[in-house]
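2 protein chains.
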Amino acid sequence: MKRHFDDELKQLKEKVFRMGLKVEEAVAKASGALIERDSKKAEAVLRGDQEINLSEIEIDELGHELIALYQPAAVDLRFVTMVLKMTSDLERMGDQAVNIAEKVIQINQEPPLTPSVDLPKIAQTARAMVREALDAFMEKDAKRAKEILEKDDVMDTINDQVYDELQKVMQEKPETVPQGVALIMVSHNLERIADLATNIAEDVIYLARGIDVRHHIRERREETTL
Amino acid sequence: MKRHFDDELKQLKEKVFRMGLKVEEAVAKASGALIERDSKKAEAVLRGDQEINLSEIEIDELGHELIALYQPAAVDLRFVTMVLKMTSDLERMGDQAVNIAEKVIQINQEPPLTPSVDLPKIAQTARAMVREALDAFMEKDAKRAKEILEKDDVMDTINDQVYDELQKVMQEKPETVPQGVALIMVSHNLERIADLATNIAEDVIYLARGIDVRHHIRERREETTL
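Top to bottom, those sequences are chains A and B.
Residue numbers for the first sequence follow the numbering used here, beginning at 90 and rising by one.
Residue numbers for the second sequence follow the numbering used here, beginning at 90 and rising by one.
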C-alpha cells in the first residue's frame with residue numbers, strides 16, 4: 090500500500106511539473122510577444138490556455154482520489170493539499186499570461202513606445218521565478234525557495250521604477266497615455282506572476298521545514314517595504 | 090464518529106464565515122477610505138490585515154486535522170479541500186484591500202481628482218460580491234453563486250469604462266497622471282477582489298452540483314469577452 094502510494098505521489102508530482110512547464114512556456118511566450126511586438130506569439134498564448142485549464146482539473150481529481158484512497162496523514166497529506174493549491178496558482182499564472190497576450194495585441198496596433206524602462210528585465214525575472222518555484226517544488230529545496238522570496242522584493246522595486254518612468258513619459262507626451270497605461274498593466278500582470286511563484290515558494294518552505302513561515306515572511310517583507 | 094465529524098465541519102464553516110466577514114469589512118473600509126478620502130480608515134485596513142492572516146493559518150490547521158482524523162471521502166473531502174483554497178482566496182482579498190489602502194494614503198496627498206468615472210460603484214459591487222460569495226458558501230446555494238458570475242462580467246465592463254475615462258482625463262490634463270494611474274491600480278485591485286469572489290462562487294457551484302463547471306464557465310465567459 091505504502092509503495093503504491095509513493096508511486097502515485099511521484100506521478101502526481103510529475104503531472105504538476107509538466108503543467109508548470111506549460112505555464113512557464115506561456116509566460117515566456119507572452120513576454121516574447123511583448124518584447125518582440127509579435128502578435129502571432131500572443132495569439133498562441135491565448136490558444137494554449139485551455140490545455141493548462143484541463144491540467145488543473147486532471148491533477149485536482151487525482152489529488153482527491155489519492156487522499157480518499159490512501160488516507161495519508163501528516164506531511165504526505167500536506168503535500169497533496171499543497172499540490173491542490175499549487176495547480177490553482179499555476180492556472181492563475183496562465184490567466185495572467187493570457188492578460189499580457191491580450192494587452193500585447195492591443196499595444197501592437199499603436200506606434201511603439203520605447204521608454205527607458207526595463208520591462209524585458211521584469212519579464213525575464215518573472216519567468217525565472219516560475220521555473221525556480223517549480224524546481225524548488227520538485228527538489229523540496231527550501232534554500233532555493235527562499236531565493237525566490239528575495240527575488241520578489243527585487244521585482245517589486247523594479248516595478249515601482251517602471252511605474253514612475255512610464256508616468257513621466259505620459260506626462261511629457263500625453264499622446265502616449267494609452268500605451269503607457271497598457272504597459273503599466275502588463276508590468277502589473279508580471280508582478281502578479283511573480284507573486285504567485287512566491288506563494289508556491291512559501292508552501293515549499295513550509296513543507297520542507299514543517300513550520301508556517303508564510304505570514305512570518307510576509308510580515309518581515311511588509312515591514313521592509315511599507 | 091460521523092456526528093463528531095459533522096460538528097467539526099460546522100465549526101470549520103463558522104470559522105471561515107467569520108474570516109470572510111473580516112475580509113468584507115477590510116474591503117468596505119478600503120473602499121470607504123477611497124471614496125471619503127479618509128487616510129485614517131485606510132490605516133485601519135493596514136492594521137487589520139494581520140488578524141486575517143492568522144485566521145488563514147488557524148483554519149488551514151483545522152482543515153488538515155479534520156482530514157487526518159476523520160478521513161472523509163467524496164463530497165465531505167471536497168468540502169474541506171475547498172475550504173483550504175477558499176481561505177487562501179480570502180487572504181488574498183485582504184491583501185488587495187491593503188493595496189487599495191496604501192494607494193489611498195498616497196492619493197490623499199495629491200489634490201482630489203474627480204473624474205466622471207464610477208469608482209464608488211465598482212467598490213460597492215466588489216464588496217457585495219464578497220458578501221454574496223460568503224452567503225452562497227454558507228447555504229451551498231448554486232443559484233446565488235451563479236449570480237456572482239454574472240456580476241463579475243458587469244464588473245469587467247465597468248472597469249473597462251473607468252480605464253477609458255481615466256485615460257482621457259490624463260491625456261487632457263497631464264498633471265493628473267499620477268492620481269489617474271493610482272486610481273487605475275485601485276480599480277484593478279477591486280476587479281481582483283471580484284475575481285477572487287468569483288473563484289469561491291465557482292467552487293460552491295462545483296460542490297453543490299458535483300460537476301466541474303469551473304472551466305466550462307470560464308470558457309463561456311471568455312468567448313463572450315474576447
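One or more hints might be untrue.
You can't tell identical chains apart in this list, so a pair holds if it fits in one copy or across any two.
List of simulated lysine-lysine pairs, DSS-like, C-alpha gap at most 30 Å [claimed, not checked]: (1) K111 - K262; (2) K257 - K91; (3) K257 - K111; (4) K174 - K99; (5) K240 - K174; (6) K129 - K99; (7) K99 - K229; (8) K235 - K129; (9) K229 - K129; (10) K257 - K174; (11) K232 - K129; (12) K111 - K99; (13) K232 - K104.
In short, the hints are calculated from the structure, not lab data.
| field | Alpha-carbon proximity between K232 and K129, which holds within one copy, between copies, both or neither at 30 Å | value | Close neither inside one copy (38 Å) nor across copies (39 Å); limit 30 Å.
| said: For K235 and K129, with the copy left unspecified, which applies at a CA distance of at most 30 Å: within, between, both, or neither? | reply: neither (36 Å within a copy, 35 Å between copies)
| query | Between copies, within a copy, both or neither: which fits K99 and K229 at Cα up to 30 Å? | reply | Within one copy only: 13 Å inside a chain, 34 Å across chains, cut-off 30 Å.
| Using 30 Å as the alpha-carbon threshold, which applies to K232 and K104: within, between, both, or neither? | For K232 and K104, the Cα distance is within 30 Å only inside one copy (23 Å; across copies 34 Å).
| query | 30 Å Cα cut-off: does K229 pair with K129 within a copy, between copies, both or neither? | reply | The answer is neither: 37 Å in one copy and 43 Å across copies each exceed 30 Å.
| query | Should K111 paired with K262 be assigned to within, between, both, or neither, using CA atoms and 30 Å as the limit? | reply | Classified as neither: same-chain Cα gap 39 Å, cross-chain 43 Å, threshold 30 Å.
| task | Since the copies are identical, ignore which copy is meant and state whether K174 and K99 lie within 30 Å (CA to CA) inside a copy, between copies, both or neither. | result | both (17 Å within a copy, 23 Å between copies)
| How would you classify K129 and K99 at a CA-CA limit of 30 Å: within, between, both, or neither? | neither (36 Å within a copy, 51 Å between copies)
| message | My question is about K257 and K91: at a cut-off of 30 Å on alpha-carbon distance, are they close within one copy, between copies, both, or neither? | response | neither (61 Å within a copy, 63 Å between copies)
| field | Intra/inter-copy verdict for K257 and K174 if alpha-carbon distance must be at most 30 Å | value | neither (39 Å within a copy, 40 Å between copies)
| From the Cα coordinates, with 30 Å as the cut-off, is the pair K240 and K174 best called within, between, both, or neither? | The answer is both: 22 Å in one copy and 25 Å across copies each meet 30 Å.
| With identical chains treated as interchangeable, where does the CA-CA distance between K257 and K111 reach 30 Å or less: within a copy, between copies, both, or neither? | neither (36 Å within a copy, 38 Å between copies)
When the structure is compared with the earlier hints, violations turn up for hints 1, 2, 3, 6, 8, 9, 10 and 11 and for no others.
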